[in-house]
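Q: This is what each chain is made of:
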Amino acid sequence: MPEKSGAEILIDILVEQGVDTVFGYPGGAVLPIYDALFQQKKIKHILVRHEAGAAHAAEGYARATGKPGVVLVTSGPGATNAVTGIADAFMDSIPLIVLTGQVATNLIGSDAFQEADTVGITRHCSKHNYLVKDPAELATIVREAFSIATKGRPGPVVIDIPKNVQVATASTDVKRPARSRFTYAGEADYAEINRAVELIANAKAPILYTGGGIINSGPAASEALRELAELTGAPVTSTLMGLGAYPASGDAWLGMLGMHGTYEANMAMNQCDVMVCLGARFDDRVTGRLDAFSPDSVKIHVDIDRSSMNKTVRVDLPIVADVGTAMRQMIDVWKGRKYKKQPLDDWWSRIAGWRAVGCLNYPGSTQEIMPQYAIERLFEATKDKAPIITTEVGQHQMWAAQHFHFDAPNKWLTSGGLGTMGYGLPAAIGAQMGHPDALVIDIAGEASIQMNIQEMATATQYRLPVKVFILNNEWMGMVRQWQELTYESRYSESYSDSLPDFVALAEAYGWKGIRCADPAKLDDAIAEMLAHDGPVMFDCRVHKTANCFPMIPSGAAHTDMILKADQVSGTMDDEAKALV
Amino acid sequence: MHIKQELTERHVLTLTVDNEAGTLARIAGMFTSRGYNIDSLTVADISEDHTTSRITIVTKGPPPVIDQIIAQCERLIPVHKVTDLTEAGPHVERELALVKVNGTGDQRVEAMRLADIYRARVIDATVSSFIFEITGGPDKIDTFVTLMREVGLVEVGRTGIVGLMRGAGVS
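Chains A and B, in that order, are what the protein sequence lines are. Numbering-wise (the working numbering), the first sequence opens with residue 1 and increments by one. Numbering-wise (the working numbering), the second sequence opens with residue 581 and increments by one.
Isolated chain B (complex conformation) (with noise of 0.2 Å):
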């Protein structure tokens, strides 16, 4: 007997929960607990009063066990809203990443040209390294360090993607 695998597809959900103790680990438990996939996850307090973060969370299954996670988000207590920006239509997903590049001479030239053309901005530099901070689609940004570990890349920091709905409407 094998363990068969199924086809999976990537969604990108937002979460409004209540900025309080043990939440993320109440989130990310119940996904480990349940066997679902978490690609990346970011958190943040979002509101005036500090009592609501934003949770945006990349995950991949199969259709049925996508729609699982979302009832099984919104069964905890402290999440009162979960969006698939996936499902709802246009939306827009933002990436930060910071990239650590070392060397001299023409590789140096070459990141430095390459992170030019990328629209990756340098935030520091020494005569032997630069770091390189890029904002962009998750594509963009694994393009970029594909590219870089070319030409010296010896450390990379990602942020998790954050995402919003495209127009008015609110997710």
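With the rest of the complex left out, here is chain A (with noise of 0.2 Å):
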């Protein structure tokens, strides 16, 4: 009978599920796997610079190309380093599959040398983990794994191998089946979608809130969203996760929604009477004020994810679904029933309203780069060459989420749930190696982009031609914003003191710099910038007291929001404090 090692069957396993590419770092409890990858040559290794690079880079290549992303890491501090990676896939259903090492079985629970309860610790910032404790046994742990990581709401799923389980040997001609112990949702209950399409036929204000869902039930989803907005007329809105879903120059398109989303969008939430949620969860960042969200609306929500229903908002008609599953439903009960688009004149013609506000308006200078306008120019510049943007957190995510626009799923990939600075880096690796030809841009601030700057050095290595894009104006930006509006602008270590020479940086890994910070010269330097087949550091120097809005601060409803600078005051209550 033949037997292989678990090293060798791991390996084999992650062929057979179609893995191409993984991201680790070597260490002493996972030299067995890396000595079975360096004699097969069907699953190329990127080698990170810190796991938490690794892991975000899987992210990064898992949200670009729809595929789980591996990561592959040693035990103890290689798996703790891969841990906010794992939080953050957990937080924005992200598939991965992390292969930690672990001590071997004999030396579990005697605090052998880097060792780690990565079990423990993982546990619940995964979907579910495994700790392998006979190589009979990885075969079916690793399929269940990747059922697990792409199945139903996508995440994160953990698989701890002791190194002496990677050295034994196993049988590989035992055909186990496969374990099929989880359900996940699909299709909705037609007597549900009938009711929901009757309610959005019969609309007067209907509005479809939507979000990252839609990106990871494929690209399908997408399609069946712009159908269904066609169909019905109504207008949409998604969350910062779901951008891309409807093409932000498709005619419904308010803008995203939330703290930081458009006065359109926010006040046609509140202001509906159907709101149809189509993949997002209501987030504390989407509701706002909860009391004062959307007071009179009949609210629909669709999610693949039982405990997304009622978890903040009580919805009135909750669809357990497959959310692409069941948009494509309701265009069928649509059609067949011969529904007619209502006329929403009214509805659009206050909308319009609400847009001649013009809440992305900013003040403009000749001085200064201001930020927005550097994110405009870039989005110019690259619209063409349907990039791929990765953020960091931060001003410059939000500035990027409200002035780039986005026509397509999977172009946009940036931390929502987790809000994990030094993600966009990593991510924009990640993505670059799913899409070798794509133009890949970083969006970034000074001070995000050096929690994850190791990562250079990978680009160099790889030949990856990212692009990072840092809008620099020397602050911790958010935070200052929020010291401003909360705290009498007591600046509480929110200063990016001794930042690095960035362009010196570049150069010293091997990147192209550059640095610009005349308003005159920004197309110029952005030209240049995408004109080097290289990776490239671009230093914009922009405005430094810039804040961004508009802005609904923390514990406020949606229509109190706050369109521009001087609408700030100093302080906060402590109910309001409070709150993240």
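Hints should not be assumed to be uniformly reliable.
Derived lysine-lysine pairs resembling BS3-like cross-links, with alpha carbons at most 30 Å apart [stated by the list, open to error]:
hint	chain 1	residue 1	chain 2	residue 2
1	A	K383	A	K512
2	B	K661	A	K151
3	A	K133	B	K661
4	A	K340	A	K204
5	A	K133	A	K67
6	A	K564	A	K521
Derived Cβ-Cβ restraints for the label pairs, each shown as a range [claimed, not checked]:
hint	chain 1	residue 1	chain 2	residue 2	range
7	B	H660	A	L499	52 to 62 Å
8	B	A608	A	K340	53 to 63 Å
9	A	G28	B	V725	49 to 59 Å
10	B	H660	A	E187	20 to 30 Å
11	A	N106	B	D696	46 to 56 Å
12	B	H660	A	Y491	22 to 32 Å
13	A	P219	B	E600	48 to 58 Å
14	A	R195	B	H660	49 to 59 Å
15	B	G737	A	T183	54 to 64 Å
Some chain B residues well away from chain A (every beta-carbon gap over 12 Å; in silico) [said to hold, decoys possible]:
hint	residue
16	D598
17	L621
18	E628
19	E673
20	G683
21	T684
22	G685
23	R701
24	S708
25	G716
26	V731
27	G737
28	L744
29	R746
30	G749
31	V750
No lab work stands behind these hints, which were simulated from the structure alone. Positions of the beta carbon are idealized from the N, C-alpha and C atoms, including for glycine.
Each of the two chains sits in its own frame; use the hints to bring them together as a complex.
A: This is how it looks when you write it as structure tokens:
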């Protein structure tokens, strides 16, 4: 009976599952797997410079390709360094397989060198996890892990593999039946779909509130959304995670909603009579003050995860289903029953009134580059190249969401739920690995970029032509903005002191470095960045004290948006301060 | 500013789960990490092939939180079925307690008499102590334990409740 080592079995199953790229970092407890990797050609290993980078790169790869991202790290610090990325993927429902080395089974619990309780640490920030105790179990576990990571609501699955399990052998010809012990929602109940379609068809002021679930459901779901919006004539808004599912150039597009969403999107959410939440989860960044959230609407919620229903907002019609399938069912019912598009003229004219506020307008400057202007110019220069945009977390992320416009899914990769600074550069590397010919740009801030800046070397090593566009205002801008709003401008530790010379840093890593501080030269500098066939770090020196508006301050309702900087007050009550 | 407390309801949940390493930690930890309460928890292997365990959890929270607790439990991979016995209708709840009472003379006689009324059995006896075994609903056991405190209770061990639906239905 042929036998293989655990490490060889692992590689076989990864190949069987269609894995061609693994992001990782070697170490003592994964040496047998690295040796097996060395002896094969089907899987390409991308050596990151820090395990956090491996996890975020795998996330970027997964979000840009729709395939699960695979991470390989060693025990102890290797695993703990990857935890932030695992938690990030859990919050944003990104399919990851995280393979961690572990000390030999006979040493577990003895405080051995580089031992950490990886299964314990990742238990509540992964969709599921395993400690493999016998190589004979490995094939079944890895197959099940891929299934769990990708089906239903996607998420990260951690497989902790002790070193002796990697070395020990097991028979390979045992065809064990694949376990299928979990169920996930697919098609919706037609009674619910009929009711939903009736509600939408009779609405006077409907709105489609869309989220990352549509992206996760696959390109067909984005197609279905476009068709549903066209059939119903309803306006469309989206969460941060769902940008691109409905084209920003589409007629029904209201822009992003929520804390830094547009005035028209938030007002329409507040005033609608039927809200159709499609693959979104009523996050606190979206709802604002809960008791004032869309008080008079009938709420339909389509989500693949039952636990998202009624979690924060009570809904009238919960539909547990794959959102793409459910939208397709709605379209079928709409057409089958020959519903006609309602004349929503009154609703659209109210929306036009809110749009006329011009909430994304900002004060211009000929002396300094306004950060919003920088994003606008970057968008204008790249929009015909179908770029993939990643971001870090902070003001630059919100400006990118507001001023960069997405017409297709899987082009916008950002850390939404966990809000992880340091996500953007490794995610860009992962996305570039998945799409070698795409233009991949990390829109960054000067503070966030430093959190995983070591990954510049990864891009250099694999000749990945990622562009890092830093909106450098020398502040942790979002922290500073909140300090202005809430703490009477006591700028506690929010100044980005001792910044590196980003151009010199770029050159040190073998990148091209560009600096621009003059709005008149910005277009040329962006063109220079795009023309360079290799990685570029662009130090865009922007206006230092600009803040991100519009904004719903924490604890406020959708109708209480701050539109301009002069509406900012200096302090808040404790109830508001306690909100994140 | 003060932290507000909400009114809570007591619910008994039963979970059918895979009998494998880490399942209990996963469930108990989920309660902790999401800020839910566990009043009692029992777990034991219940299937012929030892692959399945049944967990009974007594929890409390406002109704929307109870609904979330059920949904969050269902979301865990090793959890196959969750039943809210409190919602499901008539059901029985039973708990076992061991109660050690030390004493001599009248106190000892009184303990014995009360135990008899509550149908507690003596499962260990010395000239200065008894261990009583009592089974019943949590209220009955609470009352018995309270009475025993008066007559020399020194130690008590409780299993937490297990429950089943009344009638032919299964949870």
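Q: A:K564 and A:K521 were given as a pair; does the straight-line alpha-carbon distance stay at or below 30 Å?
A: holds (27 Å)
Q: Checking one constraint from the list: CA of A:K340 to CA of A:K204, max 30 Å. Satisfied?
A: Roughly 13 Å separates the two Cα atoms, so the pair holds.
Q: Starting from the hint 20 to 30 Å, judge whether the C-beta atoms of B:H660 and A:E187 obey it.
A: holds (21 Å)
Q: Determine whether the non-interface label on B:T684 survives the test: each CB of chain A must be over 12 Å from its CB.
A: holds (47 Å)
Q: Grab the minimum beta-carbon distance between B:G683 and chain A and tell me whether it stays above 12 Å.
A: holds (44 Å)
Q: Does the no-contact call for B:S708 survive, Cβ to all of chain A over 12 Å?
A: Answer for B:S708: holds, closest chain A Cβ roughly 42 Å.
Q: Minimum C-beta separation from B:G737 to chain A exceeding 12 Å: can you confirm that?
A: holds (28 Å)
Q: Take a quick look at whether A:K133 and A:K67 sit within 30 Å of each other, Cα to Cα.
A: holds (28 Å)
Q: Beyond 12 Å from every chain A Cβ: check whether that's true for B:R746.
A: holds (27 Å)
Q: So does B:H660 sit 52 to 62 Å from A:L499, Cβ to Cβ?
A: holds (54 Å)
Q: Taking C-beta pairs only, is B:E673 more than 12 Å away from all of chain A?
A: holds (26 Å)
Q: Is the Cβ of B:D598 farther than 12 Å from every Cβ of chain A?
A: violated (7 Å)
Hints 12, 13, 14, 15 and 16, counting from the list given before, are not met by this structure.
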